[in-house]
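Chains as they are written, first to last, in the numbering used here: chain W, 29 to 731; chain D, 29 to 731.
Simulated from the structure, these hints should not be mistaken for laboratory data.
Misleading hints may appear alongside valid ones.
Which copy is meant is left open, because identical chains are indistinguishable; a pair holds if it fits in one copy or across any two.
[As the list claims (entries may be wrong)] For lysine to any residue, the following SDA-like pairs were computed, each having C-alpha atoms within a straight-line distance of at most 25 Å: (1) 547 / 688; (2) 270 / 517; (3) 546 / 315; (4) 270 / 224; (5) 269 / 219; (6) 529 / 595; (7) 564 / 190; (8) 269 / 216; (9) 547 / 569.
2 protein chains.
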Amino acid sequence: MACPMRARQIRFIWGQAMRTSFRYLSMLAVCLTLLVPVWLLAQTPQPWRDQGVIHLANSPYAKLHTIPVHAVTIRDGFWAQRRKTAVEKSIPSIWKLIEEHGYVDNFRRLSKGKDVPRKGPVFTDTDPYKWIEGVAMFLQSGDRPELRAIAEQTIDEIIAVQEPSGYLATQFHGQPLAEGRVVALKDRLTPAVLDWGHEDYCLGHMLQSAIAYYRATGETRFLDAAARFADYIARDFGPEKKPFLAGHPVVEMGLIELYRTTGQRRYLDLAAYILNGDQRIDRPLQRVIYTFSGIPFTERTHMQGHAVRAMYACSGATDYYLETGDQKYWATLENLWRDTVNTKMYITGGLGARWEGEAFGDAYELPNSRSYSETCAAIGGMMWNWRMLAASGDARFTDVMERMLYNAVNVGMSLDGTLYCYANPLESPGRTDPNRHSKEGTTRNPWYDVLCCPPNIERTLGALPGYMYSTSKDGLYVHLYDNSLLDWHLEDGSGLKVEQKTNYPWEGTVELTVTPAKKKEFTVYLRIPGWASGAKVQVGGKTLEQSVKPGEYLPIRRRWEPGDRVRLDLDMAPQLVTANPQVAEDFGKVALQRGPLVYCLEQNDQSGIEELSEVAIPMGKKSTEGFQTEFREGLLGGVEVVRHRGIAYEKAASEGALYRPVGFEQKKVGRDVELTFIPYYAWANREPSPMRVWVPYVPAGTK
Amino acid sequence: MACPMRARQIRFIWGQAMRTSFRYLSMLAVCLTLLVPVWLLAQTPQPWRDQGVIHLANSPYAKLHTIPVHAVTIRDGFWAQRRKTAVEKSIPSIWKLIEEHGYVDNFRRLSKGKDVPRKGPVFTDTDPYKWIEGVAMFLQSGDRPELRAIAEQTIDEIIAVQEPSGYLATQFHGQPLAEGRVVALKDRLTPAVLDWGHEDYCLGHMLQSAIAYYRATGETRFLDAAARFADYIARDFGPEKKPFLAGHPVVEMGLIELYRTTGQRRYLDLAAYILNGDQRIDRPLQRVIYTFSGIPFTERTHMQGHAVRAMYACSGATDYYLETGDQKYWATLENLWRDTVNTKMYITGGLGARWEGEAFGDAYELPNSRSYSETCAAIGGMMWNWRMLAASGDARFTDVMERMLYNAVNVGMSLDGTLYCYANPLESPGRTDPNRHSKEGTTRNPWYDVLCCPPNIERTLGALPGYMYSTSKDGLYVHLYDNSLLDWHLEDGSGLKVEQKTNYPWEGTVELTVTPAKKKEFTVYLRIPGWASGAKVQVGGKTLEQSVKPGEYLPIRRRWEPGDRVRLDLDMAPQLVTANPQVAEDFGKVALQRGPLVYCLEQNDQSGIEELSEVAIPMGKKSTEGFQTEFREGLLGGVEVVRHRGIAYEKAASEGALYRPVGFEQKKVGRDVELTFIPYYAWANREPSPMRVWVPYVPAGTK
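I would like the entire structure built from these sequences, with the hints used as guidance.
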């Protein structure tokens, strides 16, 4: 029986339901209309977004895989400050100087007919390339997007110069070079010209820059242009084609990264050919040594020659190993690495003992005042060790990389980001002297005609987030410590966040919060630095029972839950370090290290000491005794200074006769003084002042 | 009334007297006929016979005056052996090699149209020049007269190339140089070419050689040719004429010696102009530093640049002072000398710390293994100190000269006189390594394309007798000690012989017999070497009451009688010497010196020591304690070896990590060993073996 009241009620309810549904459906339709394109966009493959500093996802012999730069956000702390300086001060100011010195005009004069002579050395093209690469690295982090416009314009200027063949290098167009020399068009890319002409070097840096820019933006214009140049070389040069030569290695790395980015095997093959040296080209042994090219890479037995060339060649060779697993390469690389680290590396990680040829010296030839230690060589050293680490997962490579990063690389840019070191001595009279420290006669300069170092620092600091972690099949490697957030995933795709809270390198405690998207068993490989004896690790508030060994990755395998906490305590007590007694200039001396930082004495910080060359440090039984440390906020951008008792001798001891019978020496008596050490990277940021890393020691109790 | 008997008698006597007189008169006539030409010959001025290594008889600012080379006969002993080797082995073998390498053909191709390309670097002409100079020095001593024939022939070959203008240099005749470069005739002697082309250097050595040859033979052909070249320069170049430049100083010395030899003022003026630098020529600062030329000599404030160039320039400048007394020159020379001797000289007297530019380094930059110390630089140093000594009579210059002669110069020629050092390290791994010790990769080589050193040693050893004494207004200076006979005269012309009997430098006793032609009061200035504390002097068997100070000339003024005896006793106890603590590589180390000889450890002489880099010397309170010395006849041509207790550490200490916390170092324990030192000059005369001059020391009692 129908009840009119009920029917009305039902009609009402139905109608209302229909209206409500319609409203919701309309809203749904609107939502879908808006969301689908976003969803579709998200589904478009964007491989560039996930590629790291080097892209190892498909490299069969990479044990570790890089994470993209954007996956890590570096938060307030040691490196945030340096990166901010790089992107806000260094990058804009260097750009201005590159323009002022005509290094972009070198492109415009060819593309736009701008009526200016070519400026600078043959390899100036690489300065805008490396600068763009630096910008691209910061863009990958989402920093300073407004820099992209300058990069875009510059890329236009660059591409406009490319010839139909693909050739792209401004130095050889049948017109005079800055020094008046003319290279005929027909002589381009001939072995005699490649030996010094840097066309190969320009291609290498162009590839690295274009790939970094692609990884930042997804844009392929620059990448395509660089690939066209590479294609030209791959087509016309090689075995049974024209001979090619790396006069300044870097093209090997560039080509293999292009192979990784495009999957085109010909680039790997071309790199292999170059690494192997073309035996049809006959060059003097000295050039083969100097350029670190021209003979099969696997025939190298000693680290030698121009340090930057050697580091780039070794980096390229390691890239080749990562793709091919060629054991002869690995054996050579291991041997060269041991030779370098055991006999030819400064305590700062600096490489290259000789001003002559900016080159490695003999074993144990490591002069301090005359050290060359070009900033770029240490950067090349980081690149190489990063690749060796990827191949092996071995923490000794990370130790060296960290040593270079905090010291020999970091010292290269002033605290305000506008002055740069080219050579990095470990001892300095502080005076201006055109024979030492830099071609310009001062330690730090705003500009060098050979500009390689400043943009090299920029791209390194830009890329830094990408160096903090790697993934492996079974988990995550933590390489470097600083306040940061990793937002990435394990290799099976499951999401993972890791937050680091620390005041490293000033303090030794690092708190990590591990947050997998869901509970999951995997391994966190926590790096215990080689210098960190007695490191302690807690997981979830409990001290780990595993033994914690310095110089290794500590594998923490467990079922991780969101919010799990790991606490790492590194002993930051200052340490005195000696060198192998075969290092003639360090004999009887010690250096001070605290955590990853090498310290130095700068005259500015001492009082009552007339002459830095006349101090000694009395040494107790333990090398970590007798130090006071103090963080000085206002000093050198904020640094932990280290103080220790010292002895200052009369200046007279260092005056007068150069050679004297021994009796004289034994009579000398010193006064007690306090020595104040600052981190080496921060020296030469005040008025010029003497500096030294290695300080003579005397037995405790000596006067 | 006449008595017939008496008249007969008278006639008879008269007749007999007449006959006798006639006989005697005839004999007299015959004698006169025979003797007059001899007498006349003796009366012909032969100034060349009395001229020393440099001719200072008329130099107004020379306090001391040289004696001719022939005035001293060096008898059996230390230097006789080396001089014999030089003249019998080195001079003939180097001549053969000069010919084989086409350095005389470089003349013949121009004069005789010999169809061969020009060989070697631009400055090869100076090699025959210096070789002839070496021969001339030995000819002055009357040694090996048969060498004169080769010298004569070569002089013919040289003179035949001289152009009517006077120009004489084989490198620039519009034909390609060895490296393919061509210098147009019009570009000869232009500043741009003089900067590197060595035309000035060829003239300088030609002058020195021709003057030495004139002093040996009285022949003027070669001298006239050299003077014609100098006349051409003096006529066309100078202020208000064409600008001239010493790209490699030596011409200053050559021109001033030509002035001394000919009395022609224009040569001194030309030298003054060159020493002053022509401000019309604009050159980069680095070239001005490197060449030690181009700015007023008196504006130099530091010893710097190419060491040989610097030494030759300073020698020329001292020559200029000796002629003019220009006090600005003297002040500059004194300042440069102090800078060199107090901050830039090796203990061996070696000069030039850097392989880069064969150059002086900064103050206290004195690496041992990488020391350059070119043999020629030490020879240049001897030349300079010899001139400073002449100007001042100050024994500090002789001390430096002796140090150089016995060590840095003497090491340059092997014991057998057929192998030469170019660079002279103070430490060596003994291995062949193309990066060190010599351009050829071995310490000693029979030949260098840049041949400067071997003939430079030859001319120095040839001239050595001329360095042993000088005269002054009031007497005689005795500079060097060795078995020898001086047969000369005082400055007033009265004859003087001095005989030396000694076994110096192996023993410290020197017996001098002073024989003036007649009794005469004058001063004998006896050099007391700077290293010889406690030296004792006896005259006529009685100990001298004057105080005997090391590093000074001891003036012995008395009425000398023929046969007067002087006995000098020098303490030859071995001494340990330290370096100024600012010399980074010598810090904590000692060197061993005995008399004028610097010693070294060569691995060959040690037993039970695995690694020379791992030894130390325990040092007592006195630096002369704990030595045993022994003359070994059969070793290295006969040398006094010195033995001392040493400590050898496990080789492990120099293996493994380059840098390590201090604790490690303190644990090392050594074994007692005996260290055997040999004179530095004698090293590298056996199979290649590690060597070191500076040895770490530890307090006595250390293990």
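To see whether the hints hold, each was checked on the structure:
1. Taking identical chains as interchangeable, the C-alpha atoms of residue 547 and residue 688 are never at most 25 Å apart, the minima being 74 Å within one chain and 42 Å between chains.
2. For the homomeric pair residue 270 and residue 517, neither the shortest alpha-carbon distance inside one copy (46 Å) nor that between copies (78 Å) is at most 25 Å.
3. In this assembly of identical chains, the alpha carbons of residue 546 and residue 315 never lie at most 25 Å apart, being 57 Å within a copy and 71 Å across copies at closest.
4. When the C-alpha separation of residue 270 and residue 224 is checked against a cutoff of 25 Å, the pair qualifies only within one copy, where the shortest distance is 18 Å, while the shortest distance between copies is 37 Å.
5. Taking CA atoms no more than 25 Å apart as the test, residue 269 paired with residue 219 passes inside one copy only; the shortest distance there is 13 Å, against 46 Å between copies.
6. Taking CA atoms no more than 25 Å apart as the test, residue 529 paired with residue 595 passes inside one copy only; the shortest distance there is 10 Å, against 83 Å between copies.
7. Taking CA atoms no more than 25 Å apart as the test, residue 564 paired with residue 190 passes in neither setting, with 57 Å inside one copy and 85 Å between copies.
8. In this assembly of identical chains, residue 269 and residue 216 lie within 25 Å of each other by CA distance solely inside one copy; the values are 15 Å within and 45 Å between copies.
9. In this assembly of identical chains, residue 547 and residue 569 lie within 25 Å of each other by CA distance solely inside one copy; the values are 18 Å within and 105 Å between copies.
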